[in-house]
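Take these sequences, add in the hints, and give me the full structure.
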Amino acid sequence: MSLSVSLLGRADPTAIPCPLPLFSSAVRAGFPSPADDHLDTDLDLHRHVVKHPAATYFVRAEGDSMIGDGIHHGDLLVVDRSLEALPGRIIVIAVDGELTVKCLERVGQRAYLRASNPAYKPIPLEGRESHVWGVVTHVLHSLPGAPLP
Amino acid sequence: MMALVDCNNFYVSCERVFNPALEGRPVGVLSNNDGCIVARSNELKALGVEMGTAMHLLPPPIRRQTVLLSSNYALYGDMSRRVTEVLATFSPHVEVYSIDESFVGFHGFDPAMLETRGKRLRDTVRQWTGIPVSVGVAPTRVLAKIANHMAKKHPAYQAAGVCRLDADSPTTRELLKQLPATELWGVARRTAERLNVMGINTAWQLRQADPKQIRQRFSVVQERIVWELRGQPSIQLDDMSAPKQQIMVSRSFGRLTGNPHDLREALRHHAARAGEKLRKQASVTSAVMVFVRTNPFRTDLPQYRNRVIVSLDRPTDDSRELIAAAVEGLRHLWRKGYRYQKAGVMLLDLSPKANRQLTLNETPQTAAEAKRSERLMAMVDKLNRELGKGTVQLGLPRQGNAWALRSERRTPRYTTQWSELVSVKL
Numbered sequence: 001m002s003l004s005v006s007l008l009g010r011a012d013p014t015a016i017p018c019p020l021p022l023f024s025s026a027v028r029a030g031f032p033s034p035a036d037d038h039l040d041t042d043l044d045l046h047r048h049v050v051k052h053p054a055a056t057y058f059v060r061a062e063g064d065s066m067i068g069d070g071i072h073h074g075d076l077l078v079v080d081r082s083l084e085a086l087p088g089r090i091i092v093i094a095v096d097g098e099l100t101v102k103c104l105e106r107v108g109q110r111a112y113l114r115a116s117n118p119a120y121k122p123i124p125l126e127g128r129e130s131h132v133w134g135v136v137t138h139v140l141h142s143l144p145g146a147p148l149p
Numbered sequence: 001m002m003a004l005v006d007c008n009n010f011y012v013s014c015e016r017v018f019n020p021a022l023e024g025r026p027v028g029v030l031s032n033n034d035g036c037i038v039a040r041s042n043e044l045k046a047l048g049v050e051m052g053t054a055m056h057l058l059p060p061p062i063r064r065q066t067v068l069l070s071s072n073y074a075l076y077g078d079m080s081r082r083v084t085e086v087l088a089t090f091s092p093h094v095e096v097y098s099i100d101e102s103f104v105g106f107h108g109f110d111p112a113m114l115e116t117r118g119k120r121l122r123d124t125v126r127q128w129t130g131i132p133v134s135v136g137v138a139p140t141r142v143l144a145k146i147a148n149h150m151a152k153k154h155p156a157y158q159a160a161g162v163c164r165l166d167a168d169s170p171t172t173r174e175l176l177k178q179l180p181a182t183e184l185w186g187v188a189r190r191t192a193e194r195l196n197v198m199g200i201n202t203a204w205q206l207r208q209a210d211p212k213q214i215r216q217r218f219s220v221v222q223e224r225i226v227w228e229l230r231g232q233p234s235i236q237l238d239d240m241s242a243p244k245q246q247i248m249v250s251r252s253f254g255r256l257t258g259n260p261h262d263l264r265e266a267l268r269h270h271a272a273r274a275g276e277k278l279r280k281q282a283s284v285t286s287a288v289m290v291f292v293r294t295n296p297f298r299t300d301l302p303q304y305r306n307r308v309i310v311s312l313d314r315p316t317d318d319s320r321e322l323i324a325a326a327v328e329g330l331r332h333l334w335r336k337g338y339r340y341q342k343a344g345v346m347l348l349d350l351s352p353k354a355n356r357q358l359t360l361n362e363t364p365q366t367a368a369e370a371k372r373s374e375r376l377m378a379m380v381d382k383l384n385r386e387l388g389k390g391t392v393q394l395g396l397p398r399q400g401n402a403w404a405l406r407s408e409r410r411t412p413r414y415t416t417q418w419s420e421l422v423s424v425k426l
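Protein chains in written order, with UniProt numbering: chain A, 1 to 149; chain B, 1 to 426.
Just so you know, not all the hints are guaranteed correct.
[Claimed, not checked] According to the in silico footprint, chain B covers these stretches of chain A (three or more CB under 8 Å from chain B):
no., segment
1, 67-75
2, 93-106
[Stated by the list, open to error] In the DSS-like style, the derived pairs of lysine-lysine whose C-alpha atoms are separated by at most 30 Å in a straight line are:
no., chain 1, residue 1, chain 2, residue 2
3, B, K342, A, K51
4, B, K45, B, K353
5, B, K277, B, K371
6, B, K336, A, K51
7, A, K51, B, K119
By construction, these hints were calculated from the structure, which means they are not laboratory data.
Even for Gly, the Cβ is constructed at its ideal location relative to N, Cα and C.
As structure tokens, then:
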């Protein structure tokens with residue numbers, strides 16, 4: 001289990017919205033279209049990502065076992081506890097007292113935690129103390145040049 | 001009908017959400033000044049450790065198996081707010097009674113569905129926040145308090161975590177007959193002793209007593225408790241004192257207000273009043289919770305409720321510091337565009353003034369400073385007592401004074417600041 005998480009902070013349910021301008025055409029490489037000059041509305045990324053503020057937590061990913069799902073070491077994960085852990089979802093789960101991130105899988109009656117890095121084997125939940133902590137809904141991955149938080 | 005929702009071992013439960021390894025172990029949370037245990041997990045209670053035990057007085061065998069944590073009021077305040085937010089999705093009428101207890105109005109809901117609703121509420125709070133709660137459903141606050149106690153302790157209700165007491169059911173009668181009057185909410189020990197002299201020993205006997213007689217011998221509030229036991233709502237939240245270890249002062253505005261100065265004035269007043277109560281019981285506080293809300297019944301207006309905890313970096317009973325904390329809290333809470341109905345201040349983490357010790361990172365107050373502050377507060381209290389409340393009011397400390405400097409060195413607000421992150425043990 002080498003993708004683990006650390007708690008970062010809460011999603012502020014009363015955050016002052018940070019409206020970003022929405023352009024009417026999709027982002028393209030090249031010169032901007034003059035039609036983009038008029039704004040349609042304001043976009044609030046926080047509201048777009050955080051649907052249940054009371055149940056949403058931000059955590060920091062540590063490890064490389066979920067690389068196949070686009071979760072890198074150091075990424076910020078948005079976790080919604082109000083969602084149900086269904087097979088196929090990426091979940092935060094406490095296993096033997098430790099928080100980890102994996103994909104939930106079900107084979108027959110048995111539940112497994114699947115990594116998305118071939119170097120890691122599935123972990124059967126049978127016989128382990130475990131409880132689901134939340135469902136990962138978004139990954140925020142910073143690219144070179146991103147301002148430091 | 002209404003429900004009293006109480007978080008089980010709240011501070012410990014908050015810690016367990018972010019550190020699941022604490023599950024099933026004896027855990028104690030310490031007050032942040034004098035090292036007393038202010039919250040215990042069930043496992044620690046089972047070891048016979050009492051509330052308020054000084055850390056250094058824990059027997060070594062117990063000490064070795066117990067996880068002791070310093071209190072993290074920024075985290076508790078945030079989790080408390082999350083719980084309240086979930087409750088608000090079940091009813092527009094949520095009254096915060098303490099950091100871990102709220103009354104939820106169930107008016108107008110199908111009475112047959114209340115237990116189911118209570119269970120759903122409990123499951124939802126657990127899932128969304130990770131905090132286990134107990135739910136007591138009853139027609140009045142006093143009965144809801146009893147129902148909540150049953151939901152927590154009585155084997156018949158413990159598993160479900162929900163207990164419903166109707167005013168006249170045989171179950172209620174049986175429980176009231178077994179419940180000593182001393183354990184009733186709002187009945188002080190001295191009052192209970194005088195009740196015993198009158199032959200009133202159980203809650204049931206108090207319920208059967210003549211309300212007029214109770215009012216004459218005791219007080220209007222005691223009379224209201226009789227009516228409440230009979231199932232007739234008579235008590236407002238403001239009539240009841242907050243639980244020990246917390247002091248709460250709050251009031252609704254006469255009219256809704258969108259003026260920040262009104263809120264500031266109200267909070268300054270509440271903080272000063274809380275300071276008086278604090279000094280009266282010879283205690284100091286090290287965390288001030290500030291809360292504001294709009295009127296939930298005015299569905300035509302935008303709704304907002306919020307709260308914040310301001311941690312003090314040394315325990316105090318000085319109203320000036322409490323007022324500064326309240327004003328600082330309001331700065332975080334204030335949002336334009338709402339019509340506010342209520343604001344309040346709650347003092348947390350109380351400890352006796354006499355045996356307080358300096359913490360490691362606390363700014364020592366010189367003896368002369370402390371003496372002067374004490375004399376000033378004593379004089380302010382005396383004048384307000386003799387000449388009427390509010391005769392002497394305290395102004396705000398200047399910006400950039402010692403207080404402002406000290407608050408820069410407070411402990412990290414792990415879950416509420418990007419720059420003060422907490423790492424969960426992996």
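**Message:** Taking the earlier hints as the rules, which of them does this structure contradict?
**Reply:** 1
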